[in-house]
Amino acid sequence: MEAIAWKVERKKMIRTERLTIRPFTMQDKDFLFELNNDKEVNRFRSSDTASMEYCIDSINDWNEKYGDGLLNVYLFEITESTEPIGLIGIFKRDSDSKAELGYRMMPKFWKRGYCAEAAKVLIENYFSHTNEDEIFAETHPENRNSIVFLKQNRFIEEVHDMQDRGSLFFTSRELWRASEKIGG
Numbered sequence: 032m033e034a035i036a037w038k039v040e041r042k043k044m045i046r047t048e049r050l051t052i053r054p055f056t057m058q059d060k061d062f063l064f065e066l067n068n069d070k071e072v073n074r075f076r077s078s079d080t081a082s083m084e085y086c087i088d089s090i091n092d093w094n095e096k097y098g099d100g101l102l103n104v105y106l107f108e109i110t111e112s113t114e115p116i117g118l119i120g121i122f123k124r125d126s127d128s129k130a131e132l133g134y135r136m137m138p139k140f141w142k143r144g145y146c147a148e149a150a151k152v153l154i155e156n157y158f159s160h161t162n163e164d165e166i167f168a169e170t171h172p173e174n175r176n177s178i179v180f181l182k183q184n185r186f187i188e189e190v191h192d193m194q195d196r197g198s199l200f201f202t203s204r205e206l207w208r209a210s211e212k213i214g215g
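Heads up, the sequence shown is in the numbering used here, so the first residue is 32 and it goes up one at a time.
The set of hints was computed from the structure by calculation and includes no laboratory data. Every residue, glycine too, gets a C-beta built ideally from N, C-alpha and C. It is possible that part of the hints are untrue.
[As the list claims (entries may be wrong)] Simulated crosslink set (PhoX-like; lysine-lysine; CA at most 25 Å straight-line):
hint: 1; residue 1: K96; residue 2: K182
hint: 2; residue 1: K43; residue 2: K151
hint: 3; residue 1: K142; residue 2: K96
hint: 4; residue 1: K60; residue 2: K182
hint: 5; residue 1: K60; residue 2: K96
hint: 6; residue 1: K129; residue 2: K139
hint: 7; residue 1: K129; residue 2: K96
[As the list claims (entries may be wrong)] Label pairs and their in silico Cβ distance ranges:
hint: 8; residue 1: I187; residue 2: T113; range: 33 to 39 Å
hint: 9; residue 1: S82; residue 2: E205; range: 38 to 44 Å
hint: 10; residue 1: P172; residue 2: Q58; range: 15 to 21 Å
hint: 11; residue 1: E189; residue 2: M57; range: 21 to 27 Å
hint: 12; residue 1: Q58; residue 2: Q183; range: 16 to 22 Å
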């Protein structure tokens, strides 16, 4: 699968076979509000609701912090209809931290391969354009769908901490490249 990337209004957009992956704009605030307040989406998150103000602040923060770089939190949508699916991104919580993959999708889009399609192109771009060797992801240990998704996408469980109620998964440049060579 070859991705097409280009700049529009100084913002990076990526197009795959079915998806457009792009930075959030203020026009997306209502969708982000809906996503952040969906009980099923947020079942395993520490916060299960967010105000509109929080959503607006998040969009501003992402755009200010990441601009058009490889690290960002993106909206991904069906290219044909421009219907938003969810958010996905590779980001760092601070300058000293490792890159983290994060994602959330509206339930009606679960189990259709959209998140895997978006994650694949973001991870490939990240490893191709940086010297970083790892990306991690964190999920709740009872979030079976997320755990299956991470394992199917070349992440290996590293830490399962019942006290913090979190599971950490990692993928590496080496693991990513090796599985690509064998058709993974």
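Hint check results:
Distance check on the hinted pair: K96 and K182 sit about 29 Å apart at the alpha-carbon level, beyond 25 Å; violated. Restraint check for K43 and K151: satisfied, since their Cα atoms lie roughly 16 Å apart, inside the 25 Å limit. Distance hint between K142 and K96 is unfulfilled; the C-alpha atoms sit about 31 Å from each other, more than 25 Å. Proximity of K60 to K182 is assessed by CA-CA distance (about 31 Å); at most 25 Å being required, the pair is judged violated.
A C-alpha spacing of about 18 Å is found between K60 and K96, which places the hinted pair at or below 25 Å, so the restraint holds. The hinted pair formed by K129 and K139 fails the criterion: a straight-line CA distance of about 31 Å is larger than 25 Å. For a cut-off of 25 Å, the pair hint linking K129 to K96 stands: about 16 Å separates their Cα positions. A beta carbon spacing of about 35 Å between I187 and T113 agrees with the range 33 to 39 Å that was offered as a hint.
Under the hint 38 to 44 Å, the C-beta atoms of S82 and E205, about 42 Å apart, fit the expected range. A beta carbon spacing of about 36 Å between P172 and Q58 contradicts the range 15 to 21 Å that was offered as a hint. At roughly 37 Å, the beta-carbon separation of E189 and M57 lies outside the given 21 to 27 Å, and the hint is violated. At about 32 Å, the CB distance of Q58 to Q183 disagrees with the hint of 16 to 22 Å.
The structure shown violates the earlier hints numbered 1, 3, 4, 6, 10, 11, 12.
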